[in-house]
Amino acid sequence: MSKSVLDLPPKGGFNFDLCRRNDMLEKKGLKPQSFLKTGTTIVGLIFQDGVILGADTRATEGPIVADKNCEKIHYMAPNIYCCGAGTAADTEAVTDMVSSQLQLHRYHTGRESRVVTALTLLKKHLFNYQGYVQAALVLGGVDVTGPHLHTIYPHGSTDSLPYATMGSGSLAAMSLFESKYKEGLTRDEGISLVVEAICAGIFNDLGSGSNVDVCVITKGHKEYLRNHLQPNPRTYVNPKGFTFPKKTEVLSTKITPLKEAVEVIEGGDAMEE
Amino acid sequence: MGSGADSERTLYPYVTGSSVVAIKYKDGILMAADMGGSYGSTLRYKSIERLKPIGKHTLLGASGEISDFQEILRFLDELILNDNMWDDGNSLGPKEVHNYLTRVMYNRRNKFNPLWNSLVIGGVKNGQKYLGMVNMIGINFNDNHVATGLGNHLARPILRDEWNENLTFEEGVKLLEKCMRVLLYRDRSAVNKIQIAKITEEGTTVFPPFSLKTYWEFSAFKNPAASAVGSW
Numbered sequence: 007m008s009k010s011v012l013d014l015p016p017k018g019g020f021n022f023d024l025c026r027r028n029d030m031l032e033k034k035g036l037k038p039q040s041f042l043k044t045g046t047t048i049v050g051l052i053f054q055d056g057v058i059l060g061a062d063t064r065a066t067e068g069p070i071v072a073d074k075n076c077e078k079i080h081y082m083a084p085n086i087y088c089c090g091a092g093t094a095a096d097t098e099a100v101t102d103m104v105s106s107q108l109q110l111h112r113y114h115t116g117r118e119s120r121v122v123t124a125l126t127l128l129k130k131h132l133f134n135y136q137g138y139v140q141a142a143l144v145l146g147g148v149d150v151t152g153p154h155l156h157t158i159y160p161h162g163s164t165d166s167l168p169y170a171t172m173g174s175g176s177l178a179a180m181s182l183f184e185s186k187y188k189e190g191l192t193r194d195e196g197i198s199l200v201v202e203a204i205c206a207g208i209f210n211d212l213g214s215g216s217n218v219d220v221c222v223i224t225k226g227h228k229e230y231l232r233n234h235l236q237p238n239p240r241t242y243v244n245p246k247g248f249t250f251p252k253k254t255e256v257l258s259t260k261i262t263p264l265k266e267a268v269e270v271i272e273g274g275d276a277m278e279e
Numbered sequence: 007m008g009s010g011a012d013s014e015r016t017l018y019p020y021v022t023g024s025s026v027v028a029i030k031y032k033d034g035i036l037m038a039a040d041m042g043g044s045y046g047s048t049l050r051y052k053s054i055e056r057l058k059p060i061g062k063h064t065l066l067g068a069s070g071e072i073s074d075f076q077e078i079l080r081f082l083d084e085l086i087l088n089d090n091m092w093d094d095g096n097s098l099g100p101k102e103v104h105n106y107l108t109r110v111m112y113n114r115r116n117k118f119n120p121l122w123n124s125l126v127i128g129g130v131k132n133g134q135k136y137l138g139m140v141n142m143i144g145i146n147f148n149d150n151h152v153a154t155g156l157g158n159h160l161a162r163p164i165l166r167d168e169w170n171e172n173l174t175f176e177e178g179v180k181l182l183e184k185c186m187r188v189l190l191y192r193d194r195s196a197v198n199k200i201q202i203a204k205i206t207e208e209g210t211t212v213f214p215p216f217s218l219k220t221y222w223e224f225s226a227f228k229n230p231a232a233s234a235v236g237s238w
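For the protein sequence lines, the chains are U and V, in the order given. Quick note on this note's numbering: the first sequence kicks off at 7 and runs consecutively. Quick note on this note's numbering: the second sequence kicks off at 7 and runs consecutively.
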C-alpha cells in the first residue's frame, strides 16, 4: 500500500486542489461567488514633519456600491498606518495579521515598531502567496529613523517613495501629485494636496467615491481624520428635505400598559436537576 | 472571399502614436501631442507630426496607428478638394469634418476592419468653437477638453479641475504643458518632443517642437532604498 502521497509535509501558500472541480461546476452553470473589492483611490505623501495618508470610502461588488462609507486606512501600530486597495477581505486580513505580529514584536523588544518591520512582514506574506492575496497597500509611518512611505504590490514587490498612489483611481490621483508635489510641504499644504488627489480619484474614477479619509502621522503624534471631507452629500429635490407626511389627525391619546403574561415568584422552587 | 480577404483586415496596430490633449480657450482651440512613433516597445520614429490642419477651419490630431492616420489624411484631402471644387463660398467646418470622420470610422468598424486611431477634431467657424473626438469603434462626442489614450486617465482629471472658459493663449499653453509633463512622467510611450497647435478664426498655426523641463531632484529619489534595504 503506497502511503507516500499521503505523507507529504504541508506546503505553504494556497491549496489549489479544488480548482479543477470548481471549473467543472462553472461550466455546468454554477455562478461563482462575487466578492467585495475596494476599487479605490489611496494616496500617501511625505511632508516636512511626517507622513499623510488619504483614501476614498467606496467599496464595490462588481458594478454595485456595497459600502458607501468603509474605512480603508488600517491601523498597524500607534505610529504606522496602512491604506489598502484590492480585495477588501485580503487587505483587512493581511493588515490585521501584521498589526498583531507587530504588537507581539513590540512586547518582545520593548521598542516602538519601525515601518520597515511592517514592510518586511507584509511583503514576505504577499510573496509567499504569489499574488493570490490581492492586496495593494500604501504603508506610511514615522519611527526613530524618520518618516517613511512605501507601496506594496500584490506579488510582494515594494517601492520607497516621497509620494505614492494605488488603486483604480491611482492615475487620476498621480496626475495631481506629479503636477503639484514639492518637497517640504507644511501640514496644511500636504492635507489639501492629499484631499485634491483623492477628490480627483472620486470624481474621475468610477471605482472610487463618497468621502475622503485622511491620516496625519508625525513624530509621537497621529491624527485620524475620518470623513475629513464629504463632497457627495445626500441631496433632496425639496430644499426642506424629506418629511414624512401627516395623514391622520390625533384626536385623543390613551396608553394602556400590557399585562405581564408570566408572574415571577421570588425565591421559588429550585429547578430540577 | 477567402483567407486572402481575411489577411487584409487590421488586427493590431504596428506603429503607434501616444496621447493627444486638446482644450478650448478664449480665441479657439489648442492641441498638443508628442512627436513619437513607437514600433511596439521601441521608439522608432521621433519626428512624426500628429497634428495636421484640414481645410481652413479645422485641426486634426491623431493617436494610434500612424499608417491609418495617413490614410485618413488622404480621405480628408479628397473631401476638401471636392468641397473646394464647388467654389460656392462655403467651406467645411470642424463639425462637418467630425461628422464625416465618425461615419468613416463607424463603417470601417462594422466591416471588422477598423482604422486604428483616436482622433481629435478642433476648429473655429463663424466665431463658434468646436472640439470633438472620435475613436476606432465610432464613439464620438464633443466637449470643452478632450484627450486620447492614457491622456484620458492622466490629463482629464487635471483639465476637469483647472479648465475655465476664459483661458488666454499663455494660460492654455501652460495648462497643456502641465498635462503633457504628467504624461511624459507616467506614459511609457511618451517622448520629450512636444508640438502644440492652435486654431482661431484667423487660421491655424502649428508651432515648432520643443521639449519640457522635468524635475528629478527629490531627495527621496537620490537614495530610495535608504530606509528599506532590498527594495527600490
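I should point out that these hints are in silico values taken from the structure, not numbers from a laboratory. Since this is a predicted model, take the numbers as computed values, not measurements. Warning: the hint list may mix true and false statements.
What the hints assert, rightly or not - Below are the SDA-like pairs computed for lysine to any residue, each with C-alpha atoms no more than 25 Å apart in a straight line: (1) U:186 to V:145; (2) U:188 to V:132; (3) U:186 to V:146; (4) V:184 to U:150; (5) U:225 to U:106; (6) U:188 to V:231; (7) U:188 to V:150; (8) V:219 to U:184; (9) V:228 to U:106; (10) U:188 to V:52; (11) U:186 to V:82; (12) U:188 to V:169; (13) V:184 to U:106; (14) U:186 to V:217; (15) V:184 to U:260.
Taking the hints in turn, this is what the structure says about them:
1. U:186 to V:145: 33 Å, violated
2. U:188 to V:132: 44 Å, violated
3. U:186 to V:146: Violated, because 32 Å separates the two Cα atoms, which is more than 25 Å.
4. V:184 to U:150: Violated, at about 37 Å.
5. U:225 to U:106: Status holds; Cα separation ~22 Å.
6. U:188 to V:231: 20 Å, holds
7. U:188 to V:150: Given that 25 Å is the threshold and the Cα spacing comes to 29 Å, the pair is violated.
8. V:219 to U:184: 13 Å, holds
9. V:228 to U:106: 34 Å, violated
10. U:188 to V:52: Judged against 25 Å, a Cα distance of about 31 Å means the pair is violated.
11. U:186 to V:82: 40 Å, violated
12. U:188 to V:169: 22 Å, holds
13. V:184 to U:106: Violated: residue 184 of chain V and residue 106 of chain U sit about 44 Å apart, past 25 Å.
14. U:186 to V:217: 20 Å, holds
15. V:184 to U:260: 72 Å, violated
The structure does not agree with the numbered hints 1, 2, 3, 4, 7, 9, 10, 11, 13, 15 stated previously, though it agrees with the rest.
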